[in-house]
Every structure is written in structure tokens, then in C-alpha cells.
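K.L.:
Letter by letter, the chains look like this.
Number of protein chains: 2
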Amino acid sequence: MDSEVQPLLRGEWEQDHPVTAQRDWLRMGAMKVRTVFKHYFKETCSVKTLKKRLPITKWLPKYSFHDLQSDFIAGITVGMTVIPQGLAYAKIARLPPQYGLYSAFMGCFLYMFFGTAKDITLGPTAIMSLMTESFADSPVEKDPTYAIILCFMSGIIQLVLGILHLGILVNFISYPVINGFTSAAAITIAVGQIKGILGLKNIRREFIPQIEDMISNIKETNLWDMTLGLCSLVLVHNMKKLRTIDWKDRPDDPPISILQQVCRKILWIIGTGANAVIVVTAASIAASLLAYNVDKLSLTGKLKAGIPSFQPPKFSLQNGNTTITADQIFSDMGIGLIIVPILGIIEAIAIGKAFARRNDYKIQPNQELYAIGLANIASSFFSAYPVTGSFSRTAVNSQSGVRTPASGVFTGALVLLALQVLTPLFYYIPTAALSAVIIAAVIQMIDYKVLRILWKYKKIDLIPLLLTFVSSFLIGIEYGILVGVGISLLILLYPMARPKTKVSVGGIAVVSLNQGLQFPAIEHVQNKIVEAIYADKTPKSVVLDCSNISHIDYSTIQGILELIPDFDRNDVKLVMAGLKLSVLGELQNADIPEVLYSPSVEQAIAMLQEDISNMPNGGHSVVVGGSEENIKVHDRDIINGENVTVCADSDTFSPAILTLTDSTHL
Amino acid sequence: MDSEVQPLLRGEWEQDHPVTAQRDWLRMGAMKVRTVFKHYFKETCSVKTLKKRLPITKWLPKYSFHDLQSDFIAGITVGMTVIPQGLAYAKIARLPPQYGLYSAFMGCFLYMFFGTAKDITLGPTAIMSLMTESFADSPVEKDPTYAIILCFMSGIIQLVLGILHLGILVNFISYPVINGFTSAAAITIAVGQIKGILGLKNIRREFIPQIEDMISNIKETNLWDMTLGLCSLVLVHNMKKLRTIDWKDRPDDPPISILQQVCRKILWIIGTGANAVIVVTAASIAASLLAYNVDKLSLTGKLKAGIPSFQPPKFSLQNGNTTITADQIFSDMGIGLIIVPILGIIEAIAIGKAFARRNDYKIQPNQELYAIGLANIASSFFSAYPVTGSFSRTAVNSQSGVRTPASGVFTGALVLLALQVLTPLFYYIPTAALSAVIIAAVIQMIDYKVLRILWKYKKIDLIPLLLTFVSSFLIGIEYGILVGVGISLLILLYPMARPKTKVSVGGIAVVSLNQGLQFPAIEHVQNKIVEAIYADKTPKSVVLDCSNISHIDYSTIQGILELIPDFDRNDVKLVMAGLKLSVLGELQNADIPEVLYSPSVEQAIAMLQEDISNMPNGGHSVVVGGSEENIKVHDRDIINGENVTVCADSDTFSPAILTLTDSTHL
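Those protein sequence lines, which keep their order, are chains A and B. Taking my numbering, the leading residue of the first sequence gets 1, the next gets one more, and so forth. Taking my numbering, the leading residue of the second sequence gets 1, the next gets one more, and so forth.
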């Protein structure tokens, strides 16, 4: 009977009962699976979908020479930025510098085909490098196997999330949590690079021990490294500001001269290329010092030249004479296999949205999952570690006037060129300079302003932020974000688990809920009901006002069943009142004879007072829905002493409830 | 101004707006922290609380000799059960057998002081052993360090959860998830013991490889082990049934004779001691075979005799010539440090509740957290691995007529005695017999009936169950439950992230939400608003009907801010209509001048039509709350062109919204 009622009720539900959104969703999930799949495959094979999955098909046909020019300039500029960044970020991931570059080209190439945001540029980022260091920490020093596997798996998972349209997951990570996490990550990274600036050796890795060691070894500071490091830091930090100078041109000013324009452009280029400038300068200083046999600076040293060979990720690792198997590796990465891809998605989509908004276009978040996923998978075949959208480089890309994702081609090409040609020169790059580049990059990520804002506007949201931040240092950055998400979810779910209940105890106790009854709440409600039964000496029957319940799950039904012994022992009854017809149907499926149903609290109380439970039909109420006009009763059912439910065109089966005796009068 | 409104509104809120439950909770969390702590410490130091924390103080004073008798019998019976189980379960945890017994006594002792359920008996369980094997898998074969640390940490975390009253966490794990997990665990364990029955050597550990190896090595089956194993299995499985024979006595039957009673008691004892009987018999067979120099059976072999020494857990481990540090160990355990304690809590509390209901008393779930937590911490000082409530032994305890938790003393004592005296005899216990004991124990955990029930009543709830079950085998039992919890939370949260919206587009677009606006929903709502703006050629202003919103968080405000560029670019306005006064306050804190507020959708539309935005006060609406009677307007504020909000004794600031021009007429 439930089924024939649905269509009637569905209409009202949609607006009235949010929970039924879930119900419908589940119903679809459970019942329409086949049709959904059929539809899904039909859709995935259509040309329209193909176009949707390959955004390049949208812009390439209209691609002009003018676009090419702009994309070329932008692509090269980004390339200039990513090369020093890549070398530096690899240090964060504790991999040899070239792996930063290995991670810097495939992403760009693939994003051109699958990306929906013209500005985004994929590649190594500070956060991803830190996550790689945390989760893909190989037992073999400087061995990339773990990192590459993490990259591959992240790609797979991002792709799967895309296919399952589970991008929704990122919605459950709130701003305060992301803020707290980002700031903590930035500090962790920055602190980790101080030893690079000071030229300190054999420092432990964990946050606290690291600081201890640096303090205890402070005397061994290499003054050459420190000088170069600090100078680079100050320079790069200030040069970056050149990029964002606001020239305060008022519209009524006279147009500026060519010379001014040129100067401004030059300043902008210096600002944009700050990292490159510093690294190149530092390298040449180091080289010339070496020429004079002054070998004081710690240098990057020799790295493997050339483009990485194309090969599928290796899923095992030789550690001395023991082989580490795939599942050993996976269990080492553990939860990282979820956190890293999710963080990647968050970073990329957040950036994409920001620039889409700035430049007035829209991104398709779900398509972005495909793009990042495929980028990671492809990159892993070139020995990359996990990649995602880089905020700094996306900004550079955007400001360099990028027109389409095609700019990625030039970025990637430049990186490959560098790998092929420049690796011998990377030898001379002082590690102190790279540390400076990193620190300058991450200090911008520390967002202390939000603290003031939250303190002023929304103190409450400081809780997840600070908990994320603090626990990132206490239990490790990789778990800090889990704590944060946990807290904010708990805050979201708390009201679900502790619905407000009103208990009014007269001759009969009435327990009313102010919201839906979902499984997390059942224990709480159980207690309320039992309290109500034992409210005073004599156990009393209970009416549960269910008018706000629009869906009941198995756990909840179980919870009700668990109460039955209490009822029997005390010979009291539970009446569920004001049930929606759909809920009644679900309860009758479960068939709990000890529980009675009633259209309203008042009638429930009346029912209990005339002690329906002594009636021949063993306490079964005969439930008749709808207005008096269309009451029908199936006598057969009554003879069997079964519940009789006549469906009606109303949401709750008001108004009449007839006991056997009454109904026989019909 | 918000502050002075709160008290007025709070009253209505409590019933009307569940979300404010969360709000109040947070408010408390954020603001009343100090007072709460003060109150908390005051409370924790009171005698009443001390009594609550030491339930023994309740029953010990009334303890009678009769209680002592019953508890003694029950305690000894449980001891008889736990000794063979302990030896067997240690096999699941891949630890030497004596560790099962090391884990079997401290729990009993401590629970006597802190436990609130007379029936519960703590100790090693199949699930906890499996979790130990999964999460505390030491790189050093048979080394307990990891297991002991996991035990200690689980205790700490359970204790902390208890102190923070976070037992609520277990409410978020639904029946179907627990069902799926338990069945999967049972199967994993059972399959893992087949090799023991067949006497197969060097089989790989992971589920699938294990099966492969067993099939490939099937020829090496040790027929002696197999025979003994299968016989033991069949016997123990059937003997157990003796315990639960229903003698179908009808009340009108004549009272049964002493002889019958004795027979029944004997059968019951055999049923209850089934494990012990089998193990002892098997051991004696093995011993006698050895006496005749028949050395075919695989035996438990030599174990360390005596009671484990009392020592704090070691937080480092020597592996060959490398030392594994504490944080290495922790990062190896990873998420297990959360899952294991939570599972422990679930298992114990579920059992406690079941028997409390059966025997008509109540447990204090939160006090149980203290009890289990302390039991684990204490046990870890005696080289135990994580312990929790054992269903089988709790049942035995209950059926043996236990009166108080004091029975634990006798169980514990018996275990200690066994360790001291019997260890030499354990040498002869055939591993096949232990495997039989395990399999007989876990097959009872496989709940296939629930599948039929769910299929019949609630197909939807099959999704989390099956996903938990399947993923337990695909990605490992330890993560299967995470997947399950994730899915069921996602099902709970989905409606929050995708609130139903109604978009009606006329000259002005109206977007209305059918529920609160929480951060997971903001992206969805953003899109709806932007869609509304661009619904047709000319961008149009949007009215967001917020009448269902009773609380706004920082992420949501951020989300609105992110839309501003869109508004400015298209020179359209967003009006938030039907705001509750509290929400208005929150929004005004955030001070978003581009957004207008209005008491109702109708007035919002009116406002937009007369294009308020051209007014001198720069589009600031003057908001006046409450009924016309008590309208007050602060002219100073108007002169500054600020929002003027006059608080009123109504939840929404209906009915009047006055623009500057209007208000000057006042």
C-alpha cells in the first residue's frame, strides 16, 4: 500500500521534508540502480558527454594566433616560476630536486585537454610536497617509489570520485578547518627550511625534535649559507611585492608614458620571476666562488640529467635485502590514500573557483576531478609525486594574460628543456637559496587575519580552526586536518544525535521530538522514553509524538524493538502518534505488534485511556487514513485481527482511528 | 544589539529551531568555557561524583555471603571459558598464546571497581585480537611492543572520550555498518584459522593470498591435525548448544525431578565449558600420543611460565640493529589509534546494554568509558593487548547467576593461577584444537539473517551493510568499517549539502531554501543563486528566502562574500529575505554592504523594484523590527547612512522595512 501512496505524497514532501530528499536519493540508490546505470552508460557514450569530458573541444576550434601569443608568454612565465619552485618543493618532499621538475610537466599537458579553468596550472605545490613527505615517507632514503605510488593512487581515487560525482565530499571541509590546516602546514614547512638557511646538518625531522636539534646545533651554523640564505629571503620576499604594486592610476589622470609603461612592465617581470632571479644569482655567486676555490656554500650538487623515462609505477621496493610488498606500502600510507587526493581536489578547485570568479567564467568542479585525476595518473608514469593546482603559479598565469589552458604546453616544454639542458647548472644552486624560495612562498599562506575576523564576528568558528591548527603540531600535520574535519562534522551532526525532546508526564507520558529521528538519535530517544516510563513510581504508557519524523531507518526500528522488553515487563504501551503515512508503512513492514499507532497525540492518549490493548485483536489498532469521506475498511483484515490501513490523499492518516469495536460498526 | 535580543528569542527557538541546539552548544563551547570548567571541576570533586565514578561504592556495602557464592561460581565458570579462549585469541593477534591470558585478568579486576554492568566481563575478544593483528602488526615477529602500546593508547583515548563525554561518537555507527563489519571480521578470522585446522605451514597473511596458498599447499595437509581439528570443531560447536537447550517446560507441567535437574545442570556445564573440555581432551590425547612417541600433531609448544611482570609499556622497539622510535610506531598504527578504542567502546557498551535490558538494570555508558579505558591502561602494564567486553563470556557470566562485578576477581584469580601453574601443560595443546575453538566462536558472529530482514523491510540499509562487508575484504577489515561509517555519514549529511531549493524567476529571481543553510550547502546555494542571476539574457537581482535559516557560520558568510564580484559586475543586488533577527545580527557583524536585508520576500521584491540601491545611504536598508507600536529609529544612525536595527520582541523583524526616505517621515 505504501507504494500507491508515494506518488500522492511525494509532491508535498519535496518542500516539507528535507529528510525525504535523502530518502528519495537512497530509494534511487537501492531500487533504480539498473535504470540509473543504463542511463549513465547511455549518457557517457554520447558525443555531448565526450565534449563535456574534453573541454579542449570547446576552445580549440576558436583558437587564434592572438591566443597563441598570450598563451606562449604566460606559459613561459609560469615555466620560469615552476622550475625554481619545483627544485625547492622536492626538498620539502625529501626527494632529489629533479623530482620537483618531473612533477611539473605532465600535469600541464593533460590539463590542456581536460581542464575547465584557463588560469589553473597543475604541478608540485608546497602542501602536496609536505603531504608526500608525511604519507609517502619511504624507508629507503631519497627513494621515490612511495611518492610515485601515492601520486598514481591519488589520481585513481580522484578519478573515481569524479566518476561517482563524489566531489561533494570537499563540501564537508569548512573554511576554518582549511585555514587552520594551511597555516599549520606553512609553519611546518617554513620551520623545516630554517636548517637549510643556516646550513645545519643531520637535524631530526619531526617538528619538535627538529627545533631542539637546531637550537642545540646552532653553533655549527654555516655563516656563508646563512648570509646568502637571509639575503635571498629578504630580496625574494620584497621583489615579489613588485608584481602587485598598485599604481593608483585615477581615470582622470593623463595616460602614462611608454617609458613608465616599460618600467612598470620590467618591475612586474622582476616581481614575477623573483624566484628565478634569486636562484640564478645565487647559483652564479656560488659558481664564481668555486672558481676561486671558495667551497663554503652547501650546494644542490649533482642531479640526474634528462627527461624521466616513461614507466608504470613500481609497486614494490627493495630495502636492503628485504622486499617491501605493495600492501605493505599501502598500509604504510594508510589514510593518506584518502587525505592526499581530497586535499589535492580542494586546493585545485578552490583556486579554480577563485580565478574563475575573478575573470568571469565558470569551472565544472566534477570535470576538474577528472582533470586532476588523469594528471596525477599520467604524472606518476614519469616518476612524479602528487600534483595539484598551484595558487602562486595560477596567479602568475592569470596576470600574464593567459587565454586558454594551452599555455600549459609551453610551461611543460620549458620544464622538459630545463631537465634536458640545465641540470648540470642546477649543481651550483645553493640549498640556502632554495630554502629562501620556499619560506618566501609559504609565509604568504599563513593567514592570521582570519583570527581577528573570527574573533570579531564568529568566535564559535575559532574552535575548529584552532583545534586543527594545534593538533597539526601535536599529532602531526597529516592528522590535524582529520581532527578538524571530525570536529566540524561533529558540530554539524550533534543536533541530529541529540534532538530536543519535550517530555510531559501526566497519567500518560508524552515524548515529542522537534525534528527527524535518525539513527544517531535513537539511543538518546530510547533514554527519554525509558525516563518517561519510570517518571514516577508507577510505570506509565508513553506516547511518542512523531509528527516531525519523515523517514525511519533500520537502526531506529532496532532501537524501538530493544525497548519492547521494558514495555512488556512493566505492561505499558508505546503509541507512536502523528505518523506520516510513509513512516507508518515502514513501521508496519517491521511489524512490531507491541507498538500502537495513532494519528494524533490526543487520540493516542484517548486510545491508551480506554486501554485498547485488552481488545481481541491483541492491541492492534485499526488505522484508517484520509478524511471521513473516503474511509474503506477491509473486513477480512479485521477478522484476521491485522492492522488495516486505508491509504488516503493526506500526508498523515488523519483524522480517524477506529478500534476493532468501532470499525465493526461500519 | 544582538545580545539584548537573544534572551527574548531563545524561548521560541528552543522548540522551533533544532539548529540552534547546535548554536547554543557552540555558544557555550565558545563563551562559557570558563564557567563550564569551573562547574566541571567543582562537580568532579564532589563525593556524589566520586560515588558515580566508583560504582563499587554502591553495591559493596550491601554485599552478602549469598552474593559471594553466586559471584564465585560465575567467576570460576567464566575463568574456565577465558583460559582456552585467551590462548586461542592470541593466535588471531599473532602473539604467543600467553598474551591472551596476560590480557584476561586486569580487565576483570578493574571492572569490579569502575563497571556499571554486573554481567560484563572484560578481556581478549576475537574482534580486538583481529584489530591488534591489523593495526599493531610489529615488524619484529611475535614481539608484543606494538600490541601493548596500542592497548595503552586505546585506554588513554577511551578515558579521554569519557572525560569529554564524547561517548556520543559511537552513536554515529549504525547497525548495518556494525553488522557488515562483524560478519566480515568473523569470516576473516575463521578463514585465518583453517590453516590451523589443516596444519598447513608458511601461509601468507593477507586474506586473498592466504586462500591461494592454502589451495596450493593443500597437499601438505597434516592428516593428524585435520582429524583432531575437525572433530574438535564439530564437537565444540554442538556442545555449545547444550548450554541453550530450551526444555519447553510448560507451567502446567509437573515439577521436574532432582535427577532431571542434575542432568540438565551437567549438560549446561558441559555446554558452558565446551572450549575447556575440548582443549583439555585434545591436550591429553596429544600428551598420550607423545608418550607413545607419536609426534604428528602440531602443538602450542613451550610458553613463558608465570605472571607477567608489572612494567610501563616500552615506547621503542629494537629491530635488528635499528631502533623503532615512538612516533614511528604511532605513525605505523595511524588511524588504528582511533578505530580500536572506538570499536572497544561499541563492543562493550552494546553488550552491556543488551544484558542490562535482559536483567532489568541500567548501565551508565559514560562510566563504562572510564571502566574500559582504565582497564586497558592497567592491562597494558601487564603486557596485555587491547581488551573489551566479551559477548560469549558475558553471556556465561550472566547465565551462571552472577550478582555483582565482583565475579571478575575470581575470573582474574583463576587466570593468574593458570599462568602460574598450568603453563607447562599448555605445551600439549594442539593448535588445531585452538583453531577449532576460534572458528566455533566466530561463526556465531556471522549474521546472515539481517540480510533477509533488510531486504524485506529496508532495502536501503543494505547499502552501508554490503559496502562495509565488501570493502572489508577488498581494502582490509581495518578500513572496511571506515568506509561504512563514511557512507552512512554521507547518507546522513547529503541533505545538508544539497538542500532543496525552489527558484522562481520573474523580473526578480527568488531562491528559497527548505532548510537551514550550513557550510556544506553553501557551494550548492551559490550555484543556485548564480544560475538565478543568469537565468535569461539580462542579469537580474536575486532574493534569497532565508526564513528557514536559524544560524549562519563563517564558511557561509565567506560563500556570500565570494558572490559579491558577480553582483558588482552585473550591477545586481542580493536581498536576503525573511531573516531571523539573530541571523541578521550575525550577517551585520560580517558587514556585507552589497547585501540587503528584508523581512519578507514580498517586501524584498518591492524594495528591489523601487531600486533602493540608488538611495543616498548606498543601498543600506533601514531595518526596523517588531510591531509598529514599538518602532524606534536612531536618527544619528540614519544620518550616517548606517543600518538601523531596532530590536523587537519577535523572531523575524516583521513587519516594517523603511527606506531612508520613509524613515525620515517618522
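If you're looking for bench data, these hints aren't it; they were derived computationally from the structure. Don't take every hint at face value.
No copy labels: a pair is met if it fits in one copy or bridges any two.
[Said to hold, decoys possible] Result set (BS3-like, lysine-lysine): computed pairs, CA atoms no more than 25 Å apart in a straight line: (1) Lys540 to Lys142; (2) Lys537 to Lys48; (3) Lys362 to Lys502; (4) Lys537 to Lys52; (5) Lys502 to Lys537; (6) Lys314 to Lys353; (7) Lys296 to Lys62; (8) Lys48 to Lys248.
K.L.:
Run every hint past the structure and note whether it holds.
P.N.:
Structure-based check of each hint:
Taking CA atoms no more than 25 Å apart as the test, lysine 540 paired with lysine 142 passes in neither setting, with 71 Å inside one copy and 57 Å between copies. Within a single copy, lysine 537 and lysine 48 get their C-alpha atoms only as close as 71 Å, which misses the 25 Å cut-off; across copies the closest is 23 Å, which meets it. Taking CA atoms no more than 25 Å apart as the test, lysine 362 paired with lysine 502 passes between copies only; the shortest distance there is 22 Å, against 47 Å inside one copy. Within a single copy, lysine 537 and lysine 52 get their C-alpha atoms only as close as 69 Å, which misses the 25 Å cut-off; across copies the closest is 23 Å, which meets it.
Taking the shortest Cα distances, lysine 502 and lysine 537 sit within 25 Å of each other inside one copy (20 Å), while across copies they are farther apart (51 Å). In the homo-oligomer, the alpha carbons of lysine 314 and lysine 353 never lie at most 25 Å apart, since the shortest distance is 35 Å inside one protomer and 50 Å across protomers. Neither within a single protomer nor between protomers do lysine 296 and lysine 62 lie at most 25 Å apart by alpha-carbon distance, with minima of 55 Å and 81 Å respectively. When the C-alpha separation of lysine 48 and lysine 248 is checked against a cutoff of 25 Å, the pair qualifies neither within a copy, at 47 Å, nor between copies, at 70 Å.
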